[in-house]
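Protein chains: 4
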Amino acid sequence: MSDTHRMSLYSLVISCPDRVGVVAAVSTFVAERGGSLVESNHHTDVDEGWFFMRNVINAQPMIVAAEVFREEFEPLARQFAMTWYLRDNRELQRVVILASHASHCLADILHRWKSGELACQIPCVISNHENLRSMVEWHGIPFHYVPVPKEDKAAAFEKVTDIVERHQGETVVLARYMQIIPPALCELFAGRLINIHHSFLPSFIGANPYQKAYDRGVKLIGATCHYVTQDLDEGPIIEQDVIRVNHSCDKDDMVRLGRDVEQSVLSRGLRYHLEDRVIVRGNKTVVFSS
Amino acid sequence: MSDTHRMSLYSLVISCPDRVGVVAAVSTFVAERGGSLVESNHHTDVDEGWFFMRNVINAQPMIVAAEVFREEFEPLARQFAMTWYLRDNRELQRVVILASHASHCLADILHRWKSGELACQIPCVISNHENLRSMVEWHGIPFHYVPVPKEDKAAAFEKVTDIVERHQGETVVLARYMQIIPPALCELFAGRLINIHHSFLPSFIGANPYQKAYDRGVKLIGATCHYVTQDLDEGPIIEQDVIRVNHSCDKDDMVRLGRDVEQSVLSRGLRYHLEDRVIVRGNKTVVFSS
Amino acid sequence: MSDTHRMSLYSLVISCPDRVGVVAAVSTFVAERGGSLVESNHHTDVDEGWFFMRNVINAQPMIVAAEVFREEFEPLARQFAMTWYLRDNRELQRVVILASHASHCLADILHRWKSGELACQIPCVISNHENLRSMVEWHGIPFHYVPVPKEDKAAAFEKVTDIVERHQGETVVLARYMQIIPPALCELFAGRLINIHHSFLPSFIGANPYQKAYDRGVKLIGATCHYVTQDLDEGPIIEQDVIRVNHSCDKDDMVRLGRDVEQSVLSRGLRYHLEDRVIVRGNKTVVFSS
Amino acid sequence: MSDTHRMSLYSLVISCPDRVGVVAAVSTFVAERGGSLVESNHHTDVDEGWFFMRNVINAQPMIVAAEVFREEFEPLARQFAMTWYLRDNRELQRVVILASHASHCLADILHRWKSGELACQIPCVISNHENLRSMVEWHGIPFHYVPVPKEDKAAAFEKVTDIVERHQGETVVLARYMQIIPPALCELFAGRLINIHHSFLPSFIGANPYQKAYDRGVKLIGATCHYVTQDLDEGPIIEQDVIRVNHSCDKDDMVRLGRDVEQSVLSRGLRYHLEDRVIVRGNKTVVFSS
Chain W
0 MSDTHRMSLY SLVISCPDRV GVVAAVSTFV AERGGSLVES NHHTDVDEGW FFMRNVINAQ
60 PMIVAAEVFR EEFEPLARQF AMTWYLRDNR ELQRVVILAS HASHCLADIL HRWKSGELAC
120 QIPCVISNHE NLRSMVEWHG IPFHYVPVPK EDKAAAFEKV TDIVERHQGE TVVLARYMQI
180 IPPALCELFA GRLINIHHSF LPSFIGANPY QKAYDRGVKL IGATCHYVTQ DLDEGPIIEQ
240 DVIRVNHSCD KDDMVRLGRD VEQSVLSRGL RYHLEDRVIV RGNKTVVFSS
Chain R
0 MSDTHRMSLY SLVISCPDRV GVVAAVSTFV AERGGSLVES NHHTDVDEGW FFMRNVINAQ
60 PMIVAAEVFR EEFEPLARQF AMTWYLRDNR ELQRVVILAS HASHCLADIL HRWKSGELAC
120 QIPCVISNHE NLRSMVEWHG IPFHYVPVPK EDKAAAFEKV TDIVERHQGE TVVLARYMQI
180 IPPALCELFA GRLINIHHSF LPSFIGANPY QKAYDRGVKL IGATCHYVTQ DLDEGPIIEQ
240 DVIRVNHSCD KDDMVRLGRD VEQSVLSRGL RYHLEDRVIV RGNKTVVFSS
Chain L
0 MSDTHRMSLY SLVISCPDRV GVVAAVSTFV AERGGSLVES NHHTDVDEGW FFMRNVINAQ
60 PMIVAAEVFR EEFEPLARQF AMTWYLRDNR ELQRVVILAS HASHCLADIL HRWKSGELAC
120 QIPCVISNHE NLRSMVEWHG IPFHYVPVPK EDKAAAFEKV TDIVERHQGE TVVLARYMQI
180 IPPALCELFA GRLINIHHSF LPSFIGANPY QKAYDRGVKL IGATCHYVTQ DLDEGPIIEQ
240 DVIRVNHSCD KDDMVRLGRD VEQSVLSRGL RYHLEDRVIV RGNKTVVFSS
Chain G
0 MSDTHRMSLY SLVISCPDRV GVVAAVSTFV AERGGSLVES NHHTDVDEGW FFMRNVINAQ
60 PMIVAAEVFR EEFEPLARQF AMTWYLRDNR ELQRVVILAS HASHCLADIL HRWKSGELAC
120 QIPCVISNHE NLRSMVEWHG IPFHYVPVPK EDKAAAFEKV TDIVERHQGE TVVLARYMQI
180 IPPALCELFA GRLINIHHSF LPSFIGANPY QKAYDRGVKL IGATCHYVTQ DLDEGPIIEQ
240 DVIRVNHSCD KDDMVRLGRD VEQSVLSRGL RYHLEDRVIV RGNKTVVFSS
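So the protein lines, in turn, are chains W, R, L and G. First residue of the first sequence: 0, per numbering that gives the first Met the number 0; consecutive thereafter. First residue of the second sequence: 0, per numbering that gives the first Met the number 0; consecutive thereafter. First residue of the third sequence: 0, per numbering that gives the first Met the number 0; consecutive thereafter. First residue of the fourth sequence: 0, per numbering that gives the first Met the number 0; consecutive thereafter.
Be aware that a few hints might be false.
In this list, chains with the same sequence are indistinguishable; a pair is considered to hold if it fits within one copy or across any two.
Calculated cross-link-like contacts (lysine-lysine; reagent style DSBU-like; alpha-carbon spacing at most 35 Å) [what the hints assert, rightly or not]:
| # | residue 1 | residue 2 |
| --- | --- | --- |
| 1 | K152 | K113 |
| 2 | K250 | K113 |
| 3 | K211 | K283 |
| 4 | K283 | K152 |
| 5 | K158 | K283 |
| 6 | K250 | K149 |
| 7 | K283 | K250 |
| 8 | K152 | K250 |
| 9 | K158 | K211 |
| 10 | K250 | K211 |
| 11 | K113 | K283 |
| 12 | K113 | K158 |
No lab work stands behind these hints, which were simulated from the structure alone.
Next comes chain W alone, as it looks inside the complex (with noise of 0.2 Å):
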């Protein structure tokens, strides 16, 4: 995969119902203008007919560019009825990251954007805390400081919109961001906002997953990247993962080791959602994981 992040690459992906001949049309499609798949992910939901497929293309052979593929492109879309899009991977995605005082999954995601591990522009940082500021901005990362107060929760956000909004962010990550988003922002980002939930859902939803798996007596604690829908807690889960503890860890361990989870499955679930990996059925995901 490595080299394939050198050349210019086009991702398509597709879903529609299953019908014989959408992968032949396809993949016709693309090598009659030279394109060759340099990686390619299909999967058939058998029990609701309908069919799902990635296709990484590498673009510098082909004779077209995006804009005329999506054009030429349409009226096979229609024909199959295919809900799909184009990626040109050279226009990075703009991530716009919400963050409250804990540090870890936001310490985590800027060292792997720093590193050049996520491939995406992060245009800014927004957070209801002042005291990550100085982390945020020695990644050379604008930093918006938008209190949250109980009494108006509205304003705020509002605010946190309009700033998400004129650093045209695409994608919008709640790196631990702790507030209920209100179902406006929900549905404007709908399928584009991630949250990583501290629980291993539908484990202990909502507030205090720590102590509610601490007072169960639980030997595995865990996190969920999901997609935020109105109903808290309840949209479509893109990657989830556990750790183990014991009868010797207290809530605050719980807390500690649940941290590592928590940053390792967001970073998992924003990695996957960049690379065009996820695709939302009902509430459900397919994710072609590498």
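Given chain W, work out where chains R, L and G should sit, using these hints.
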């Protein structure tokens, strides 16, 4: 540990209020009688002020028999308000297994037992189906068929209880038995009735957890070994584990993958129980896992 | 996948030089004959310029039989210099298992086979010990005792080969067989002779890996499922896994813990092989794991 | 454990020949001085007849200071031929980190240190490259640039040793330092010089382990945290872990995935070391992991 399997060992398991001098008193008591500690595990619950201790004592050089040890230890136990027991590892526990028609957990336990990995006796297997009789009997273990008709479960469980008692069962294992155990039996075998639930509790309590996991689109499925109490799927957890699934797994794939987790979690939980590694306190467990 | 088990399916497995149009050509060929792709996995080795493809085709709506498909596909295969095969999943592979006196891997495979999880036939088991005869025969499978005396291994392996061929064995599994396979047999079953090695290769090649792991003080032990070649423990790896150990584990504990990893890794590797998910290239494998 | 972080605690770490009465003697000694055991870990190596013990003592109710404890304990230690030490947890260890140009392990340690998770002082970071200076200094830690030219490594390491000693470094961490440490320095910091090797040792000893892992086609890659001895990559292992890879991973993907394992294994190993959980014996470790 292997060499120690051939030794004569005592397990001394203690829980009591945390006080200065408990370890000194117990270890001095053991040393004065010539016992050496092969393995010793401690846990202090600082919040609750409670102390837990498991000692495996090489009994060969000891100058007192188990019965004498117990008598002489009693005053010390009273002094520190201990809940405690001493088990001689040459007296193998008698484990009765209840199964339904699914074979995997039972087959795994029987194989581990036959190959000497699970140190216990299995005086009989009870099932509400006939299909596993041949497998059980091939292992040289009596098989009792006790159907559980919807209209007369009470009589069936009377019969089950009777068989367990006739076989002097000390521990009862529900190896995917799939029947709700009546309160009286839960009470009778409190702390000695072990179930495997086919989900990562507290997710997906109750029936059809794999269907629920599939519908929710989780990325890991799990299993939970726990002591049975009158509250369904709410008893103290002994052991849990998970396995990764993805969008290509339908419900039947989850059932198949889940079987492996169920049997390994149950076998591990049962081994911890048989090796006196589990201490129940309230609705939680201390598990001195090796 | 479960539903698809009841369908009539073809596996079409291809490797060839990477060229624009391979996928288009293959998928068009299939679509023209009415076949729909139930599952499709691709891999491009960019460095080596090689392409790998596995297609699972729903054969029910197809207008051609497997034999006709093969004939008609041949010109296309030649055009792209493909190495390929088509398997009809209704023709279960014949798997001969070689075992020694350790029971765990054999018991696991037999249980999975009996419960319908491993889609294959097991025409016989061959062992150089008698102790597992009863277990094998209880499953209704013929058991052949072929001792392998040090002074005349050649004759023993002639007999083994003869039995395998008489039973038309297509794949041979060494389920902890513990004998070095002579070169001629390795050659005869190249790519169809599967071993489980009781270490995380390339660590601890050769005999007594658990003793070596104990002596080195590693914190994880593992197992490796691989195709057997003439170079001991050097063949293409299909699957590996590990389990955590610590200072309290002596060598026998490692042996006990390792058994669980060995059997799960072997079963997984064998399932991948039987589902045509493994393609060997050089000394490495492409494994389209589900 | 969290609450205990705020207490004044002593770690008493002991190894000695296994004899009846060791635990009794030590625990009586502690109890007589009013100390309560917050955590206690034992291990008996039955084969070698050696005993290992770690006690975490709540020092607040104790009637003796650490210095007095040490003096009074000495006769007991002699009697049982103990190797032992007592550490007061309020005196944070001084950890000097050596890094090269790779940032991930260093960034991870610094973030854990800054967020209070690693209880130590970091008096300085030494590197043979300049690129991480800004990151280190942002954390308020002095950064020393000591190039290691091929033609004069001896002088460079004299300078490194000098800086470590000037900063009174007690433990030295090689955070992907990528230089072979001269024997004298290994000797000087025996048992206090911690390295992270980017493979699952003993696989892929020496340079370029990811390339070797890629060439061998393994299905898991790993990392190993170990004490450095004069034998390259052969020192006592503290911690190891692995991550799954597959055919779609080229060497650079392995490097990327491996970074996560390297940093988590190093951080875990370092934490065990700082919490006095590691006892070296011969070329192996006892690790009382929490």
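query: When the hints from earlier in the document are held up against this structure, which numbers fail?
result: none
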